[in-house]
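2 protein chains.
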Amino acid sequence: MSTMMTDSETTEARGAPLPSVRRLPLYLNVVRALRDSGREMVSCTHIAEELQADPTQVRKDLAITGITGKPKVGYDAVELIEAIEVFLGWNNISDAFLAGVGNLGTALLGYRRFENLGMNIVAAFDSNQTKVGRTVEGRKILPLSRMTNLASRMHIHIGVLAVPASAAQTVADQMVEGGILAIWNFTTARLNVPSNVIVERADFSQSLAALTSRLKRTLKS
Amino acid sequence: MSTMMTDSETTEARGAPLPSVRRLPLYLNVVRALRDSGREMVSCTHIAEELQADPTQVRKDLAITGITGKPKVGYDAVELIEAIEVFLGWNNISDAFLAGVGNLGTALLGYRRFENLGMNIVAAFDSNQTKVGRTVEGRKILPLSRMTNLASRMHIHIGVLAVPASAAQTVADQMVEGGILAIWNFTTARLNVPSNVIVERADFSQSLAALTSRLKRTLKS
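These protein sequence lines map, in sequence, to chains A and B.
The numbering of the first sequence is my numbering, which starts it at 25 and goes up by one.
The numbering of the second sequence is my numbering, which starts it at 25 and goes up by one.
By construction, these hints were calculated from the structure, which means they are not laboratory data.
Don't be surprised by glycine CBs; every beta carbon is placed ideally from N, CA and C.
Heads up, some of the hints might be wrong.
Stated by the list, open to error - Covered stretches of chain B (chain A as the covering partner; in silico rule of three or more C-beta atoms under 8 Å from a C-beta of chain A):
no. : segment
1   : 45-52
2   : 204-211
What the hints assert, rightly or not - Quick look at which bits of chain A chain B covers, simulated, 3 or more residues with Cβ under 8 Å:
no. : segment
3   : 62-71
4   : 94-101
5   : 105-118
6   : 122-132
7   : 151-159
8   : 170-176
9   : 234-244
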């Protein structure tokens, strides 16, 4: 399954609905901020207000982490943060490789917040010989030809794909050969991978579609 | 409504379910590729196969554009492309301003595909005096202090926000003051804007949540 297309499909296959999973980071953000401001208990209503969301939806989404709140009181903030982090696998930092150190790849290397999100890009690769050997955002760029072997030796599970679309399939194949099990695809290419490998698209066009279609309706009215 | 939180909420408010809207670019991609390879008619089944999706979902999603296919034959590819483009507002290119020319902003300026997606970044702004005046990806960087006035004079509707999170609200306020109606938020900040202004988050963390939670389940089994 290369892209997440239908809710029902993934619900059945993976145990939790991906739309709910995708909303968890938003809740985590809010609850962390509330905890930092000294709050001990948080309710769905409060989280929903912060995000202008529906409290029932929030309650349903949080339930997938296995946590249960106390009626009229809500959740212990620290326990709720932990439950979300454990559910997402963000309590253990996963090492990742990045392929493609163009503008986007460089932006991803500089995105400090990934460490809060359970991912650490430990090495960056590029096929451009003028880039290899340079240090970008604290990581030395290695030749792409070494990626497969290093991924295998270092037991890397996550590959971040930021190469040109024309090279995407080739580099994805090299990631899979190196034992990478999850590819975060920042290219516009659709990838063919074995069925045990996860591909998640970080596709700007879907977010832009939501923006422009809503704008079009605003301009009409 | 700063972020899209619940399907039902937006369905009611905007006329079409945003999850369906977000999938349209994927279908558009497939149908464009089929047309380019000489195909005249396309069916939901065919599109679904290409994307490993559910044909019923595809049919339902395409229906929001108002197009109806012919039983057992499908859609005229050219008509389907046009219907999706018109629905998304991608048949008319919208001019946009970009604020913040760091690594991410530079990557966005270099993303040629936006023009296929109905958006053209016509000017880029930064508050850093060492950046102002430089040309990046064919656009001269202008001082951020000029953005509000220029947006208003040029009737710009879309603002792409790629500044540091700490500056996000201030720059968003300046966009709104300049008459910008839709903000594409690449920062991690939550924005307060008037109710007639659309904010769409391009948030990596939600996509990463889907990736890591699925990887966690793969590693368990």
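For the segment 62-71 of chain A, does the count of residues with a C-beta closer than 8 Å to a C-beta of chain B reach 3?
That given contact is violated, which follows from only 0 residues of the segment 62-71 of chain A lying within Cβ reach (below 8 Å) of chain B.
Given coverage of the segment 234-244 of chain A by chain B, tested with a Cβ cutoff of 8 Å and a minimum of 3 residues:
The restraint on the segment 234-244 of chain A holds, since 10 of its residues have a Cβ under 8 Å from chain B and three suffice.
Taking 8 Å as the C-beta cutoff, is the stated coverage of the segment 170-176 of chain A by chain B satisfied by three or more residues?
violated (count 0)
Three-residue Cβ test at 8 Å for the coverage of the segment 122-132 of chain A by chain B:
holds (count 5)
Do three or more residues from the segment 105-118 of chain A put their C-beta atoms closer than 8 Å to C-beta atoms of chain B?
holds (count 5)
So is the segment 151-159 of chain A in contact with chain B by the C-beta rule, three or more residues under 8 Å, or is the coverage claim wrong?
violated (count 0)
Coverage of the segment 45-52 of chain B by chain A, judged on three or more residues with CB within 8 Å:
holds (count 6)
Has the segment 204-211 of chain B got at least three residues whose CB is nearer than 8 Å to a CB belonging to chain A?
Coverage by chain A holds for the segment 204-211 of chain B (3 residues, Cβ < 8 Å).
Checking C-beta pairs, does the segment 94-101 of chain A have three or more residues closer than 8 Å to chain B?
violated (count 0)
Consistency note: the structure conflicts with the earlier hints numbered 3, 4, 7 and 8.
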